[in-house]
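Engineer: Protein chains in written order, with this note's numbering: chain D, 6 to 120; chain C, 4 to 118.
Keep in mind that the hints were calculated from the coordinates and are not lab data. Incorrect hints may have been included.
[What the hints assert, rightly or not] Just a few of them, taken from the derived set where beta-carbon distance is under 8 Å, the chain C residues facing chain D:
#1 TYR35
#2 LEU47
#3 THR54
#4 GLY111
None of these values were measured; they are calculated from a predicted model. Ideal Cβ positions, reconstructed from N, Cα and C, are used throughout, including at glycine.
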Amino acid sequence: GAGVSQSPSNKVTEKGKDVELRCDPISGHTALYWYRQRLGQGLEFLIYFQGNSAPDKSGLPSDRFSAERTGESVSTLTIQRTQQEDSAVYLCASSPGTAGNNEQFFGPGTRLTVL
Amino acid sequence: AQSVTQLGSHVSVSEGALVLLRCNYSSSVPPYLFWYVQYPNQGLQLLLKYTSAATLVKGINGFEAEFKKSETSFHLTKPSAHMSDAAEYFCAVRPSNTNAGKSTFGDGTTLTVKP
Chain D
6 GAGVSQSPSN KVTEKGKDVE LRCDPISGHT ALYWYRQRLG QGLEFLIYFQ
56 GNSAPDKSGL PSDRFSAERT GESVSTLTIQ RTQQEDSAVY LCASSPGTAG
106 NNEQFFGPGT RLTVL
Chain C
4 AQSVTQLGSH VSVSEGALVL LRCNYSSSVP PYLFWYVQYP NQGLQLLLKY
54 TSAATLVKGI NGFEAEFKKS ETSFHLTKPS AHMSDAAEYF CAVRPSNTNA
104 GKSTFGDGTT LTVKP
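When you get a sec, could you build the whole thing from the sequences and use the hints?
Structural biologist: This is how it looks when you write it as structure tokens:
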């Protein structure tokens, strides 16, 4: 009965490097979300996948950010040419169905530090 | 369009005292509303949700919230605080007229419980 898992739990990188963050959703969950949480702030929506539909990328802050999802399984969030302002906790969540009242199940997050 | 305002970024109560965390929302369509709790270095966990059924919603750990349409509020309460309630709490809104889709989160309220 595994929940949402994310890896790595912590990532320290140098400015200008690319990073890849991974999310393993709960098996069978069709929806997957990525959020960014800056220190002392709420969650900022980045991108949302729902089944085989085109993802909602409206929250991606720049073209340096991209995400992919293979079917209804693993997702990766890639940040190219990282900047110091990208430092944050990146949270992934999944939910079981398409209804808006479905709970989102969150992973523990990846803490990204850009030096 | 939707938004969430959590009044008070920090709330401090004594153990055994009433907990009241405030959330006001704005939504152009009837909303679904959620409260999540985040313990240090962990992901978010759902406390309770309002999905257009009963306006008084009971959740885990003795928390409850009341949806008041006229006041556009969804405040979280607990009659008697426990030390283990110390955490960060997030209110979130999602439109009810879409299938799943992104949630909009407030900036969070940090609850401190004094012995």
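Engineer: Indicate, hint by hint, whether the structure satisfies it.
Structural biologist: Going through the hints against the structure:
1. TYR35: The hint holds - TYR35 of chain C has a Cβ within 8 Å of chain D, the shortest such distance being about 5 Å.
2. LEU47: Holds - the Cβ of LEU47 of chain C comes within 8 Å of chain D, reaching about 4 Å at its closest.
3. THR54: Interface hint status for THR54 of chain C: holds (4 Å vs cutoff 8 Å).
4. GLY111: 5 Å, holds
Consistency with the previously given hints is maintained throughout, with no hint failing.
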